[in-house]
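Enquirer: Please arrange chain B on chain A, whose structure you already have, making use of the hints.
Number of protein chains: 2
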Amino acid sequence: MESAISTLVTTFAKCSRGKESLDSKSFQKLVEKNLGGVMEDTSNTSAVKEMLKGLDDNSDGKVSFEEYLNLIGYVANSMSQRKTGCNPDAS
Amino acid sequence: MESAISTLVTTFAKCSRGKESLDSKSFQKLVEKNLGGVMEDTSNTSAVKEMLKGLDDNSDGKVSFEEYLNLIGYVANSMSQRKTGCNPDAS
Chain A
1 MESAISTLVT TFAKCSRGKE SLDSKSFQKL VEKNLGGVME DTSNTSAVKE
51 MLKGLDDNSD GKVSFEEYLN LIGYVANSMS QRKTGCNPDA S
Chain B
1 MESAISTLVT TFAKCSRGKE SLDSKSFQKL VEKNLGGVME DTSNTSAVKE
51 MLKGLDDNSD GKVSFEEYLN LIGYVANSMS QRKTGCNPDA S
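Here the protein sequences line up with chains A and B, keeping their order. Residue numbers are given in UniProt numbering: position 8 of the first sequence equals residue 8, and the series is strictly consecutive. Residue numbers are given in UniProt numbering: position 71 of the second sequence equals residue 71, and the series is strictly consecutive.
Worth flagging that the hints you see were computed from the coordinates, not collected in a lab. Treat the hints with caution; some may be incorrect.
Which copy is meant is left open, because identical chains are indistinguishable; a pair holds if it fits in one copy or across any two.
[Unchecked claim] Straight-line C-alpha distance at most 25 Å; calculated SDA-like pairs for lysine to any residue:
1) 14 / 44
2) 19 / 78
3) 49 / 2
4) 29 / 77
5) 62 / 1
6) 33 / 52
7) 33 / 1
8) 62 / 82
Because the structure is a prediction, the values reported are computed rather than measured.
Chain A extracted, bound-state conformation:
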């Protein structure tokens, strides 16, 4: 589990190239390369821009580490619901 958390931290650091936030382009890359298997429309630029807007609590047009953790929470929640069978018929 520690290495799992570490992977999340490293992925952010790599995509932001060590900066504090992901700009629109690096967020796009992160989502497309890393979440294509669990989310839809990850290669659709305007869909990912909408996602960024939804995460961007302070409306600075970027995704901070805290905002990124909210995305992870969202993905984890949806995985958890699938695994516990809340939506057994959902594809």
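Expert: Just chain B now, with coordinates in the frame of chain A:
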């Protein structure tokens, strides 16, 4: 990254035995077995109880999945600060 998130979900599910929340005992086990390398006092029962209190937003004495995600966020934040060298001298 998807498998990292999946690991977090599975760890919770295993420790809660499929239930919605971790009670005090299963939280203790989760922390001790999975976070001993990145946190202090994980085998100290009263320290872990204090941690549970800090996470327990709805004060039901248990740690829900959402509350568990806050713990992950906390650990990720502290790892991130170490990696980006905000506290290069901290042990």
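Enquirer: So, for every hint listed, does it hold in this structure?
Expert: Structure-based check of all given hints:
For the identical chains of this complex, residue 14 and residue 44 are intra-copy neighbours only, at 22 Å inside a copy versus 35 Å across copies, given an alpha-carbon limit of 25 Å. For the homomeric pair residue 19 and residue 78, the shortest alpha-carbon distance between copies (16 Å) is at most 25 Å, but the shortest distance inside one copy (28 Å) is not. Taking CA atoms no more than 25 Å apart as the test, residue 49 paired with residue 2 passes between copies only; the shortest distance there is 20 Å, against 31 Å inside one copy. Both within a single protomer and between protomers do residue 29 and residue 77 lie at most 25 Å apart by alpha-carbon distance, with minima of 22 Å and 22 Å respectively.
When the C-alpha separation of residue 62 and residue 1 is checked against a cutoff of 25 Å, the pair qualifies only between copies, where the shortest distance is 20 Å, while the shortest distance within a copy is 28 Å. For a Cα distance limit of 25 Å, the shortest separation of residue 33 from residue 52 inside one copy, 16 Å, qualifies, whereas the shortest one across copies, 35 Å, does not. For a Cα distance limit of 25 Å, the shortest separation of residue 33 from residue 1 qualifies both inside one copy, at 22 Å, and across copies, at 9 Å. Taking the shortest Cα distances, residue 62 and residue 82 sit within 25 Å of each other only across copies (22 Å), while inside one copy they are farther apart (29 Å).
Checked against the numbered hints given earlier, the structure satisfies every one of them.
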